[in-house]
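Enquirer: As you go down the protein sequences, you meet chains A and B in turn. Mapping the first sequence onto numbering that gives the first Met the number 0, position 924 (from 1) lands on 923, and the numbers just tick up by one. Mapping the second sequence onto numbering that gives the first Met the number 0, position 402 (from 1) lands on 401, and the numbers just tick up by one.
The hints are simulated quantities; they were obtained by calculation from the structure and are not laboratory data. One should not assume that every hint holds.
What the hints assert, rightly or not - Stretches of chain B that chain A covers, calculated by requiring three or more beta carbons in the stretch to come under 8 Å of a beta carbon on chain A:
#, region
1, 267-275
2, 371-377
As the list claims (entries may be wrong) - Straight-line alpha carbon distances no greater than 30 Å define the calculated DSBU-like cross-link-like pairs of lysine-lysine that follow:
#, chain 1, residue 1, chain 2, residue 2
3, A, K260, A, K248
4, B, K15, A, K91
5, A, K156, B, K368
6, A, K91, B, K230
7, A, K248, A, K694
8, A, K156, A, K827
9, A, K177, B, K18
10, B, K36, B, K230
11, A, K213, B, K91
12, B, K10, A, K771
13, A, K173, B, K292
14, B, K18, B, K36
15, A, K199, B, K15
16, A, K780, B, K10
17, A, K177, B, K292
18, B, K292, A, K156
19, B, K355, A, K780
20, A, K213, A, K199
21, A, K166, B, K15
22, B, K18, A, K199
23, B, K394, A, K780
24, A, K166, B, K355
25, B, K10, A, K173
26, B, K394, B, K292
27, A, K771, B, K255
28, B, K18, A, K780
29, B, K282, B, K36
30, A, K177, B, K394
31, B, K394, A, K166
32, B, K10, A, K199
33, A, K166, B, K368
34, B, K394, A, K771
Think of the CB as a built atom: it goes at the ideal place given N, C-alpha and C, for glycine as much as any other residue.
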Amino acid sequence: MIIRKLHIYGYGKWIDQIFNFDEQLQIFYGPNESGKSTLQSFIRSILFGFPNRRKRTHQINRYEPKQSDIYGGKLLIENTNHGDLWIERTSKHLQVTNFQGEVLPNRTLDEVLGGIDEDLFDNFYGFTLGNLQELSNVGADQLNDYFLSIGTLGSEKFLQIAKALEKETDEIFKGRGKNPPLNQLLNEYEVLEEREQRMKESMDQYQSLVESRKNVERIIQQTNIRIQEYEEEIRRMDRLMDHYQVYLKLISVQGELGQLKFTEIRENAPKQLSDAENIIDNINQEIPTIEERIHHINHDIAQMTRLNWAQNNSEERVGWTQATSKAQEIQRRINNLEEKRSELGQELKEIADNNKLDVNKVVTEEEFNERLPQLKTIQFEIEDREDELKQTSGKQEYLLQQRVSYQSQGVSLRQKIAQLENQRVNDEELLIQETRLSAYFPGLILVILGIVAYIFQSFNVLASFQYWNIVGLCLALIGMIMMTVVFIRHRSIANEFENSPILDEIIRYQEDQAFYAEQSRNLNNDISLLDNEVEAIESQIMDLEFNRNQMLETLGFLPEADLDLVLKTNPIRTFSQVMARRGAIQLELEELSQKMQEWKDEIHPLIARFPFHGEGDIELLEHVNNVEKSLVEVVNRAKILEQRLAESKRSIDNYRKRQKEQEKLIQEIFEEIGVWNKIEFDQRLATNKQIRELKEKESIYLGQVEPVLSALAEVESQQALDSEYQDLQRQLAILRSKLEPNLRERANLTVEINQLEQDGTYQELGQDIENKRSEIEELTKDYAGKKIATDLIYQTLRHGLDNPVEEMNEIANQIFTKLSNQRYTEIKINKRSIRVKHADNVLFQPHELSQGTLEQLYVALRLAFIINARTMVKMPIIIDDAFVNFDEGRRENMYEVLGDISSEIQILFFTFDQLAQQAFNSDQIINLEDIQMSPEN
Amino acid sequence: MSDLHLDSPFKGMGQKNSKLQSQFIQAPFDAFERGVKLAIGEDVDVVLITGDIYNSERQTISAQHYFMTKMEELNAHHIPVVLIHGNHDYLKIHHQSIVYPENVHRFNSEAVEFVDISLVSGETLRVYGFSYTHQWITENKIQEFPVNPQATTYTIGLLHGSLQGSEVSANRYAPFALEELKSKRYDYWALGHIHLQATLSDEPLIQYAGTTQGSHRNESGQKGCYIVEFKNGRRVSNTFHSLAKIVWQNETVHLKEEDQIKDIIESINDIMVNYLNEINHKKESYILNISLKNPEYLSQELIEQIQQGELLEAIDSKIKGDYFVLVNRIDVILSPYQQIFEFDQGLMASYQTVLKNYEEDRRDQEVLKDLYNHATVQRFFDFEDDSGFREEILKIGQEFIIYSTGLTHEIEGDDDDNS
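Could you build the full structure based on these sequences and the hints that come with them?
Expert: This is how it looks when you write it as structure tokens:
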């Protein structure tokens, strides 16, 4: 198989790139990062699939292009058993097409690859530096195996598998082991089988158990029948013993009955007798009660003293009642009048309060009218004086305001003066600044320079410049002019400052201020004159007011009384009128009180008998009414008591009569039975009752013992019965004690039999054994499978090793001789070992060779194997700079060998070795760096 | 009915389903009970049982007792039973003392005998048969059966045995040839011993009823009994009735590209749900063995995990009332085209040679001598002489190599990542 063309759509850094491999040996030249690895990966990916997470064995990196959407590309491969094919693989699909453009099934690729997977491809067609470096890691004793294994494709890997599987089998089972799981399971199985064996034995006893149970059951049955017979007899005895006591009682009852005689008594006689006696008893109890009641009533009546008095004064009481009702009417009127009087008193008090009157000093109306004009005159004068006072105060107020105005104008002028003075100070400061002496300085310098120049010229000996004196004069002149200008300017500024108008202004303002101060002082004098005037008027007003108040007081007013109000309303008149009305009511009240006194005199006897402890006429009226009411009640109660007294006397008479009747009835009954008294009668009755009870017992006893009466009659004694019963019990106990062990045995046997019949443990054990067996079989298959797998691998590989290929050996010899520069001439391979022959015919084992020679041996064997493996598909060899560590001579040899081999098999050689560039024809070389120049391409 | 195997445990269950263990143990009893109920319900004229009622080697009183109670039940319904003993429950001395109720006729010896039964219809029936008193019967017993003497309306032969040449060990179990049976001109041959129900001949009817309850995965599908109806001297019908309470089923999941573990679980779950839906009207529990086909779509790691039972652990039994559906095994079935050493014809040839001679060379005796010589294995297991076992481990061994080559790829890849 030859790869003829790569078309990369997008793979790592390669985007839309085409490579044509025209040569059998194709060199890819370029430094690191030039895309060598990416190209190798691309070829692998198209043939074997893209690296992915699960399958990242051979290609660590993924190469999805960053700048292209399509991941993948296609290969043109030639010389396959399907002819020339395009293999196109992208992230979406794999497509195999032949040269005619027909799409072939995907498995075509598998067929073309002939079962070689990426792993094997790497192992055999890929040469990397790593392969050679690995050699140094192989131990001396394993080198033989290692080289031998090259001859059998993939054997190394299979040996690894075999070892791994072998190790696993040891973890499952060991012939003499105890702990591996299969050993454990087998032990457990053994235990289960032993248990089953034991159970089996117990199963065999089943029949004999059933037989024994049958025997025991027969014995039990027979014993049970005898026990039942005994129990029946015992029950009979039991009955006799129970009844025997009753029987004895029956005999005794019958004996008693024979000694008693029955008396015939009418059935209702005892009841009649006891009824009559009860009635008499009741009457005897009742009569004293009634007598007692009569006594109480009489006593109550005697106790009622008011009654007597009420009855004795019945006529007078009528008169008192009438008088009292009249007195009540009078009393009501008194109450009304007193209420009115107090209302008038209240009115008077209000008048006095409103008009500030002193109630005790009020003068009559006439007196008041007489003094009124005088009062009015004083009042008018006071008002005049107050007007005058107001006017004077007004004038004074005006003057005060004017003075304030003058003062404020003065203040404002002072502020303006201060401002102007401040400005003067600033101007002065400005002046000083502008007229500084430093302004003369430049002028002065020029003058000095001029003078110096002039003097310099005078002593000058240099002939180069002759006009220093003229220059000096000019400079001095200019300096003088400048200083003059400055002086004139300073003067004008100073003049301006001294003649400023501000000075005049300040003087004008100061004059104005003096004028206002003068005006203000004049006003002060006028104001103090007006002050005196006001004081005089105020003193006059106070005198007048004092007179007025004194006059009011003599008229009966309080000092605070309002004169205006007094003049307007004339309160004295109103006050006098109310006073008159109150006097009339007072008179009427005195009259009525006289009438009340008359009433009290009239009812005096009543009060003497029922003294009054309260106060006032109203309570007295109530008292008199209450007394009369209670007297009426007493009289009524007395009437009721007398009626009850009469009733009680009547009922006592009735009772006495009934008592006599009952005593007669009792006597008749006694005579009828023939007894003398109640005691005898009761005795006869008791005897009769006893006879009846005994007869009842007799019939009950008879009822109980009836069925066994005859048997009982034959019983000798209680003792005889007892001893016979004891005998039976003893025999029964003996039988039962015989039964018990049999029962126990039957129970045990039944348990055992039931266990065997019902118990599922045996079945469970069977299932357990079967489960365990299944586990053992599973694990055994696992174990045995692994063992067999190991053996299969060893057997197969040995088979391969036993048949080394002559032809391959031949090719390896040639390559090795060439690589080693004819120092070694032959590789000797047999089943067990590999040796190389030095040019001087000495044989060496691999571990005796230098690292370099080992590497050559390795390469020779690998290449020889590939070339010789006829049965395998001839894939291109990919070499990834594997020989960089060879020295120059060896590399040259190597490249020569590669050139030879490439006639048989395509070689893709990725390198950055300059020697390679020289060693090979430039047609064979693709310089990857050149392509890098135009990455867009 | 036949091959009740009342006390036979379920095989190949492992410890996983220990919760359902009691149901497994109970299953053969339940199946037989269903059979007895069916007989009573259909009011059959006679019940024929053709051997292997229980296992004499591992006999349990409990099973015998149970069988007895069922016989009594049939007796109470006046249904006669004719039974023979087979190789598993061959008659030992003390068994002969067991007294069955009067409706049961048991053939007690290896000599062919007969029993006559009067039917309710007024017709008569003669049944020929014999019981095993040894584990094996190698001689031809058929010649001891007489040609139908026509002494009764119907004649039936009971036989516990295997068809000549049908299996390796067939000659140990009263071997017979079909033509021999036909030549006896009986109305019906009821056969026992083979657990798969099978009708060998329709006219005359010769058939195995099969076991009533499958006990391992090779006894999959419904198991039960036949009701054969004769009327007026002719056979009218022959109907199979399912009795097994637990049915073994083998199912296949075809894997697709990019299937993940959850897809597999889902597929298995779908199968389980389908069976779960059957439960209501079929009144059966199911033990499923799942085969995964096309495992190349799975990663090697996943296959390894499945083979180590991790997938099985993730699948829980489904329970519906008294019934259940459980998955007992998940097997990965390798596609045929995966070949070892495919890349190298020479090695491949070596491999094929080794493989071909493996059985002949008895390499197993060398490779597994530690195992074969283990005391417990020698006493209780017969791996060495079990050609089926040898065949299977050879297959497993090859599979290990295939898996391992894939697996080592993975491991190397991981190493690369780490470095």
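Enquirer: For each hint, tell me whether it holds in the structure or not.
Expert: Hints versus structure:
1. 267-275: Violated, because only 0 residues of the region 267-275 of chain B bring their Cβ atoms closer than 8 Å to Cβ atoms of chain A.
2. 371-377: holds (count 4)
3. A:K260 - A:K248: holds, 21 Å
4. B:K15 - A:K91: Distance ~44 Å between K15 (chain B) and K91 (chain A) Cα, so the pair is violated.
5. A:K156 - B:K368: Given that 30 Å is the threshold and the Cα spacing comes to 27 Å, the pair holds.
6. A:K91 - B:K230: violated, 72 Å
7. A:K248 - A:K694: Status holds; Cα separation ~12 Å.
8. A:K156 - A:K827: holds, 24 Å
9. A:K177 - B:K18: holds, 29 Å
10. B:K36 - B:K230: holds, 23 Å
11. A:K213 - B:K91: holds, 23 Å
12. B:K10 - A:K771: holds, 9 Å
13. A:K173 - B:K292: violated, 34 Å
14. B:K18 - B:K36: holds, 28 Å
15. A:K199 - B:K15: holds, 27 Å
16. A:K780 - B:K10: Holds, at about 16 Å.
17. A:K177 - B:K292: Violated: K177 (chain A) and K292 (chain B) sit about 38 Å apart, past 30 Å.
18. B:K292 - A:K156: Distance of about 27 Å is within 30 Å: holds.
19. B:K355 - A:K780: Distance of about 20 Å is within 30 Å: holds.
20. A:K213 - A:K199: Holds, at about 23 Å.
21. A:K166 - B:K15: Holds: K166 (chain A) and K15 (chain B) sit about 27 Å apart, inside 30 Å.
22. B:K18 - A:K199: Between K18 (chain B) and K199 (chain A) the Cα gap is close to 25 Å, so the pair holds against 30 Å.
23. B:K394 - A:K780: holds, 10 Å
24. A:K166 - B:K355: Distance of about 26 Å is within 30 Å: holds.
25. B:K10 - A:K173: holds, 26 Å
26. B:K394 - B:K292: holds, 16 Å
27. A:K771 - B:K255: Violated, at roughly 35 Å.
28. B:K18 - A:K780: Cα-Cα ~26 Å, so holds.
29. B:K282 - B:K36: holds, 15 Å
30. A:K177 - B:K394: holds, 28 Å
31. B:K394 - A:K166: Cα-Cα ~20 Å, so holds.
32. B:K10 - A:K199: holds, 20 Å
33. A:K166 - B:K368: holds, 17 Å
34. B:K394 - A:K771: holds, 23 Å
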